[in-house]
Structure formats: C-alpha cells, structure tokens
Amino acid sequence: MTEERDTIRALLGPAGPELTCERCFEELDRYVDSELAGRDPDREIPGMGAHLEGCPACREEHESLLALARES
Amino acid sequence: MDQDSSDWLEALRDSGPRREHAVARLHELLLRAARFEVSRRRATLPHLRGGSLEDLAIQSADDALMAVLAKLDDFRGDSRFTTWAYKFALLEAAVRLRRLGWQGREVPLEPASWDAFAGGGASPHDDAETRELLGALRVAIDDQLTPHQREVLVAITLAGVPIDVLAERLATTRGALYKTLHDARQKLRRHLADQGLDIKGVAG
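Going line by line, the protein sequences match chains A and B.
Numbering of the first sequence is given in this note's numbering, commencing with residue 1 and proceeding in unit increments.
Numbering of the second sequence is given in this note's numbering, commencing with residue 1 and proceeding in unit increments.
These aren't lab readings, by the way, just hints derived from the structure by calculation.
All figures in this text were calculated on a predicted structure; none of them were measured in a lab.
For each residue, glycine too, the CB sits at the ideal point set by N, CA and C.
Possibly wrong hints are sitting among the right ones.
[To be verified] One-sided excerpt, in silico: chain B residues whose CB lies under 7 Å from chain A:
#1 172
#2 174
#3 189
#4 203
Model the full assembly from the supplied sequences, consistent with the hints where possible.
Next comes the structure, spelled out in structure tokens:
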C-alpha cells in the first residue's frame, strides 16, 4: 500500500454506512468485549467498523480500550 | 449481566461504607485507565514532566468518576462493567493529551498544507489509476467543497489535527465536525463516481 493510496483512503473515508462519534462511544465497550470474546462485533454493531476506519480519534480510543481490556 | 458487573452496580447504588468503598475502588480503576492512556501517548509529549502527566491522569480519573456515577443507569450490562467504565477515563485522558500536544501550535486549515499530497506528489511507482484519482480529488476538493468542508477535511485527514482539538479551536463539537467531514467525503465520492472514476480499487 503506497502513501498516496493511504492519502486517498483517508480523504474519501469508508465506503459504507457508519455510526456517528457519539454512537461509537456508546457502543465502544460492547464492541471491544465482543472482539475479546471472539464473536463478530461488526455483525453485532453494524457501521462501527466503518466509523473506526474513518475517524482517527475514535480509532485511537478503540485501540486503547481494546489493549486495556485485554490486560484486565 | 455478569456477576462482577452486577456486584459493581449493587455496591455503587448502596449507601454508607459499602458505597464509599466501591467508589474508591472505581476511582482506582479509572486512574489505572488514565495512566494507561498517558503511558501510551507519553512519547508524543516529550516536553511534559512526569508530575504534570500524573496530575493529568488524576484529573482525568476524577472527571471520569463523575461521569460514570452520573451515567450508572445507562449501563445495560451488554459489556463488562469494567470495560464500560474504562472508556470514560480513556476518553478524558485522550482528549486532554491531544489538546496538550497541540497547545500553542497553529492548526493548518489552508490548502497549502495538502499541496504536497494532492499535487504531483504521487511517486513514480504509483500506478496511473492512483495518479489520476489524486489529480481528480485535488480538483474536486477545490471545486466541490465549501470552505468549511475543505478546512475540516484538510485539517483532520491531511494535517493530522485531532478532531477534538479542531472542535475546540472552531468552537464547535466533535460530532458536528465529524458530520461535516462525512458530508465532504460523500460529496467527493459522488463527484468522482459521476466522472466515471473507479474509486473502489483504492478506497473501497
């Protein structure tokens, strides 16, 4: 993947429907626990994965919560 | 709801010493989460002393504790209570750290900041499709977006300005800014599709 392709993806964002930042925060704990349980979080919470792809801040928060919950 | 989560709720809704003990345990849990976030981002804030970062973690845990206690009735038991509570402390710490990281820095909103990316910036190794798409995207950003949409898109996606930092500078909310970003992206996608450009291969 080239830097230019990454730039295009960042500019255009995800293709499918996505949650808002507010809904993402509401569902973040459920999404993470679903991931840790080995279930299918994107099927349980449609639009979450697309939002995490398109929103750098929510993506960072997801990465932190996943890492912390995994340690707990 | 799992037993541990149920125990947390029951203790926090109790009164007297049991509740006090549960609140103290919850604060410890939230402080652990805030310190975890500080630790993850420490390298991006080399100018900050350890004492300042510990103060930041404590403030984040204090505010997260208030938020968790105020929203206790919102917890539905769809996740573990600890995972639910952690997210408040992580958010409090992350927002503070992002703002500190951009303190005193100018937020780039002008098109000049994305010239290097959107101009002739494609490397010789890039395929013709990518170069064509980049060129069309640059024109579309100039021609199709409102000035506000352009500023938000440039700042967040090209200059790497955190959305909550931008929201603070523009006196708006994170949600409102993300909607602007989303609308701008949709407009660009529609315009490129109308031009017959295949964006699926690069951007889904």
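Taking the hints in turn, this is what the structure says about them:
no.: 1; hint: 172; result: violated, 12 Å
no.: 2; hint: 174; result: holds, 5 Å
no.: 3; hint: 189; result: holds, 6 Å
no.: 4; hint: 203; result: holds, 4 Å
Of the numbered hints stated above, the single one contradicted by the structure is hint 1.
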